[in-house]
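J.: Generate coordinates for the entire structure from the input sequences, incorporating the hints supplied.
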Amino acid sequence: MWRVIHQYMDTMNGPTDFMEDPVNPITGTRFENAKSTKMVHITEFTADLIRHNKLKLDKSRNDNLVVTFHDSCNPSRGMGLLDEPRYVIQNTCNHFYEMPPNTIREQTFCCGSGSGLNAGENLELRFRGGLPRANAVRHVHEKHGVNMLACVCAIDRAALPPLMEYWVPGVDVTGVHELVGNALVLDGEKERKTDLRGEPLPGMEEEE
Amino acid sequence: MADEVPNPQEMINIDHRPPATGWMDTPTVLRKGIYCYAGNPKSLEYVGLPNPRQWHPEDDDWKLPENWVEIVLDGLRDRLDRFRSLKIFMDICVRCGACADKCHYFIGSGDPKNMPVLRAELLRSVYRKDYSLAGKILGKTVGARKLTYQVLKEWWYYFFQCSECRRCSVFCPYGIDTAEITILARELMNLLGLNIDWIATPVANCYRTGNHLGIQPHAYVDMLDFFCDEIEDVTGVRPKPTFNRKGAEILFITPSGDVFADPGTYTAMGYLILFHYLEQMGLDITWSTYASEGGNFGFFTSHEMMKRLNAPRPSAWGSSGSWAANAATCGG
Chain A
1 MWRVIHQYMD TMNGPTDFME DPVNPITGTR FENAKSTKMV HITEFTADLI RHNKLKLDKS
61 RNDNLVVTFH DSCNPSRGMG LLDEPRYVIQ NTCNHFYEMP PNTIREQTFC CGSGSGLNAG
121 ENLELRFRGG LPRANAVRHV HEKHGVNMLA CVCAIDRAAL PPLMEYWVPG VDVTGVHELV
181 GNALVLDGEK ERKTDLRGEP LPGMEEEE
Chain B
1 MADEVPNPQE MINIDHRPPA TGWMDTPTVL RKGIYCYAGN PKSLEYVGLP NPRQWHPEDD
61 DWKLPENWVE IVLDGLRDRL DRFRSLKIFM DICVRCGACA DKCHYFIGSG DPKNMPVLRA
121 ELLRSVYRKD YSLAGKILGK TVGARKLTYQ VLKEWWYYFF QCSECRRCSV FCPYGIDTAE
181 ITILARELMN LLGLNIDWIA TPVANCYRTG NHLGIQPHAY VDMLDFFCDE IEDVTGVRPK
241 PTFNRKGAEI LFITPSGDVF ADPGTYTAMG YLILFHYLEQ MGLDITWSTY ASEGGNFGFF
301 TSHEMMKRLN APRPSAWGSS GSWAANAATC GG
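Taken in sequence, the protein lines are chains A and B. Following my numbering, the residues of the first sequence are numbered contiguously, the last one being 208. Following my numbering, the residues of the second sequence are numbered contiguously, the last one being 332.
Be a bit skeptical, because a hint or two may be false.
[Stated by the list, open to error] Beta-carbon label-pair distances, calculated as ranges:
hint, chain 1, residue 1, chain 2, residue 2, range
1, B, 29, A, 20, 54 to 60 Å
2, B, 219, A, 17, 32 to 38 Å
3, A, 14, B, 101, 53 to 59 Å
Derived from the structure by calculation, the hints contain no laboratory data. Note that the Cβ used here is the ideal one computed from N, Cα and C, for glycine as well.
T.: Okay, here's the thing in structure tokens:
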């Protein structure tokens, strides 16, 4: 949708001038890039909050994770959403490693299941198409012990887990905001013993 | 899954050498495991797409309208007029080969028809036959060919082996974007009712309920309620999201996959936790139960369908928010 919004929406259904220009109510940041479509990506919003020190984050809660980031094709290559997700990850996790440069950012590889090809009957195609992505994950898995592949796309979150299971067992898949949810310290929260998946937090393994 | 898919040791034996025969003389055989199933006729009917019927990709007869060649060629002519990009991409490729090894499907399959240059050539060859003088007169010697049933099947097989990721376009010195070619080729095939079900049914669902998975408003609220239970268990704090609330400052839209299946659900919980945190600081945000899809599979069907499925979003903003925050999918 990110590309649909920014490449096509103004022409199709726009202009959305009945809405206001997006301003982050907490930081006051005016999202000039979204002036026309009025739509801000959630990682732009969160990165802005972090930049202005508005979030209390406990990175150590994600210390069991060694994270790498998969750029989803159209948000990254198409629309330039490159640094915001990385900024959020690096502020919510202590262990982050990039995959090789020719497999990320503008040169990112597809998950193998994009554009509606995430069906069950074409798994062979998906695993073949996902091989270059999986191969790059395997590289950082072996070199840095990466065990978590982060992404900003819901199709990725459906497509990448079976791809990892097939080519790189031992690497799981997360959305960037799952990392935020785990690290964010809420007012009045109890002592957290597990992450959102019910897995023990670092140092809490004994009590489970 | 394990029974039908070759194991990784078998899969990794990929032969990138092209066959001895030229591409036009190498017949395309649709192979199970590579193609997707045909669109459910009920889904096509629901959104008024042409030629809804039961068919199977391996059937000889795809039950096409009698004048299907005319429909496709008229459709192509119309799109060449409307989309200057298509006309340019049909004309300017010099076959330098920079794109050839950049496609993940080519890398993983070794099938030369998955080279972006050749994928585009599947359509370009038909274009050349009808739109270039050389092609009209000299035919195959200048890479032109007639649109036949076999050519159509080849289109269908390979334009549903391109994920519109646009990686090849980064390396093309001319900036030819194969995704745009795939998008328009799929549009042409949709004129004949040749969609796949993994696109057609989410499209119909989205038109009916506002999201690809067909989640109705009460179920959407229930699912988020369940996530709030989970969050309360882990943190002791319970978020209180609101839905379709008029006058909210921000409308949040996320792909429905994230409210439906792990691990996306944990990401949805992350959004709920973040918004709860920010509400203490004055954030005024609401969720929509009818513009409840952050993706747009209309994009994989036709420009018209993309527009139609996108329309509820601005109208939902109009009633519920002054601007929108969005989590998205990779393509649509």
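J.: All hints, please: hold or fail.
T.: Structure-based check of each hint:
1. B:29 <-> A:20: 54 to 60 Å: Holds: the Cβ-Cβ distance is about 56 Å, inside 54 to 60 Å.
2. B:219 <-> A:17: 32 to 38 Å: holds, 34 Å
3. A:14 <-> B:101: 53 to 59 Å: With a Cβ separation near 39 Å, residue 14 of chain A and residue 101 of chain B fall outside 53 to 59 Å, so the hint is violated.
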